[in-house]
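2 protein chains.
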Amino acid sequence: MDTALHIRLPAFLIQASDEPRVLTAPEARMGYVLELVHANMAAGGGPFAAAVFERDSGLLVSAGANRVVPGHCSAAHAEILALSLAQAKLSTHDLSEDDLPAYELVTSAEPCVMCFGAVIWSGVRSLVCAARSDDVEAIGFDEGPRPENWIGELEARGITVTTGLLRDSARKLLHDYYACNGKIYNARCSSNR
Amino acid sequence: MDTALHIRLPAFLIQASDEPRVLTAPEARMGYVLELVHANMAAGGGPFAAAVFERDSGLLVSAGANRVVPGHCSAAHAEILALSLAQAKLSTHDLSEDDLPAYELVTSAEPCVMCFGAVIWSGVRSLVCAARSDDVEAIGFDEGPRPENWIGELEARGITVTTGLLRDSARKLLHDYYACNGKIYNARCSSNR
Numbered sequence: 015m016d017t018a019l020h021i022r023l024p025a026f027l028i029q030a031s032d033e034p035r036v037l038t039a040p041e042a043r044m045g046y047v048l049e050l051v052h053a054n055m056a057a058g059g060g061p062f063a064a065a066v067f068e069r070d071s072g073l074l075v076s077a078g079a080n081r082v083v084p085g086h087c088s089a090a091h092a093e094i095l096a097l098s099l100a101q102a103k104l105s106t107h108d109l110s111e112d113d114l115p116a117y118e119l120v121t122s123a124e125p126c127v128m129c130f131g132a133v134i135w136s137g138v139r140s141l142v143c144a145a146r147s148d149d150v151e152a153i154g155f156d157e158g159p160r161p162e163n164w165i166g167e168l169e170a171r172g173i174t175v176t177t178g179l180l181r182d183s184a185r186k187l188l189h190d191y192y193a194c195n196g197k198i199y200n201a202r203c204s205s206n207r
Numbered sequence: 015m016d017t018a019l020h021i022r023l024p025a026f027l028i029q030a031s032d033e034p035r036v037l038t039a040p041e042a043r044m045g046y047v048l049e050l051v052h053a054n055m056a057a058g059g060g061p062f063a064a065a066v067f068e069r070d071s072g073l074l075v076s077a078g079a080n081r082v083v084p085g086h087c088s089a090a091h092a093e094i095l096a097l098s099l100a101q102a103k104l105s106t107h108d109l110s111e112d113d114l115p116a117y118e119l120v121t122s123a124e125p126c127v128m129c130f131g132a133v134i135w136s137g138v139r140s141l142v143c144a145a146r147s148d149d150v151e152a153i154g155f156d157e158g159p160r161p162e163n164w165i166g167e168l169e170a171r172g173i174t175v176t177t178g179l180l181r182d183s184a185r186k187l188l189h190d191y192y193a194c195n196g197k198i199y200n201a202r203c204s205s206n207r
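Order-wise, the sequence lines are chains A and B. So in my numbering, spot 79 of the first sequence is number 93, and the numbers just go up one at a time. So in my numbering, spot 125 of the second sequence is number 139, and the numbers just go up one at a time.
The set of hints was computed from the structure by calculation and includes no laboratory data. One thing to keep in mind: the hints can contain errors.
[What the hints assert, rightly or not] Pair by pair, the computed Cβ-Cβ distance ranges are: (1) 172(A) to 154(B): 16 to 22 Å; (2) 28(B) to 29(A): 26 to 32 Å; (3) 34(B) to 41(A): 52 to 58 Å; (4) 71(A) to 152(B): 38 to 44 Å; (5) 112(A) to 28(B): 31 to 37 Å.
[Stated by the list, open to error] Chain B is faced by these chain A residues, among others (derived, beta-carbon under 7 Å): (6) 20; (7) 88; (8) 158; (9) 159; (10) 174; (11) 176; (12) 189.
As the structure is a computational prediction, the values presented were derived from the model and not from experiment. A virtual CB, placed ideally from N, CA and C, is assigned to each residue, including glycine.
Construct the complete structure from the given sequences, taking the supplied hints into account.
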């Protein structure tokens, strides 16, 4: 066996879950994730972050951020990294295992089609988003061809969805990124611009 | 900076693209991918593999296989790993960059909703599949809620799609896996069984 796929992450992400951090209020969890967005933009990443918490206790398990461009990996979206890091930490591919508490993914924006699928496979029981897809697409990013009723599809699989939490703050970060000429990657792959 | 997310892969995957390998015929490329499925099942992985080739020359760039259960990572599908390893090798998040040749993803089965999204973001220009979704779902795996016209969505974004190539051989591998009581993970997250 050898290590084959590794995605380098900035120190702030590694350190994020090194010390115990408990955030019980939904706004506190999202506020923390938006701080990660800010730090990630400063570290050359995209304007997206996400974190996995124990849903009921509020214990932070893992933190991720968009490292697509610096990480040379189009799958290195915040949600994929946060979920994968949580699973690595807990040594399981399934966060819904019976002997585990329920987990929540808190993300700075509604997921793209890839991450929508990743949320389903991860085993999280709850998804909380800040920016709406309209906000993401307003600065040129693409959510991709999700099923129209994507929230209903998640709810049908036992994953509760909350969206628009601290939306204005999240939208401001997206606009800050755009105003600073942040790279809107993969734009060529989109059919709508 | 520190390495944070790393997914350990079996030696056969690392070695797969170590030496130059050129496969020009579509059937030869898929035959190679189906060999990877067989090797991956023997190495404790799921019954899926994928590889990235230079579309026109047939040069193998990277190989991936499903490492969800042994890798403790629900995103470690064959397509995600093959695409990410290709991007790491080429030091870019976008395989459709102007100074690169066109790339093709050859996969042993039609992609789930997560990998459908990952294919779009990757920059590959061509997708070739063996098993159909019906074959995958017949043994209990779930493709997830893709848009109904997922092939059309890919084609609309400039990605050509071929499916059913060496389908019978791929289906036989899926049935071999099922017959040996291979783990059908994340079944609890599916609404249809």
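Comparing the hints with the structure gives:
In this structure the hint that residue 172(A) and residue 154(B) lie 16 to 22 Å apart at CB holds, the actual value being about 18 Å. Between residue 28(B) and residue 29(A) the beta carbon distance is about 30 Å. The supplied range of 26 to 32 Å therefore holds. At roughly 55 Å, the beta-carbon separation of residue 34(B) and residue 41(A) lies within the given 52 to 58 Å, and the hint holds. A hinted range of 38 to 44 Å for the beta carbons of residue 71(A) and residue 152(B) is consistent with their spacing of about 40 Å.
Checking the proposed 31 to 37 Å range against residue 112(A) and residue 28(B) shows it holds: the Cβ atoms sit about 34 Å from each other. For the restraint placing residue 20(A) at the interface with chain B, the shortest Cβ-Cβ distance is roughly 4 Å, inside the 7 Å limit, so the hint holds. With a least beta-carbon distance of about 4 Å to chain B, the hint placing residue 88(A) at the interface is held under the 7 Å criterion. With 7 Å as the threshold, the beta carbon of residue 158(A) comes within range of chain B, its nearest partner Cβ sitting at about 5 Å, so the hint holds.
Annotation: interface hint on residue 159(A) holds; nearest CB of chain B at approximately 4 Å, less than 7 Å. At about 14 Å, the closest approach between the beta carbon of residue 174(A) and any beta carbon in chain B exceeds 7 Å, and the interface hint on this residue is violated. Taking 7 Å as the C-beta contact cut-off toward chain B, the hint placing residue 176(A) at the interface is violated, the least distance being around 19 Å. With a cut of 7 Å, the hint placing residue 189(A) at the interface with chain B is violated, because the nearest CB-to-CB distance is about 23 Å.
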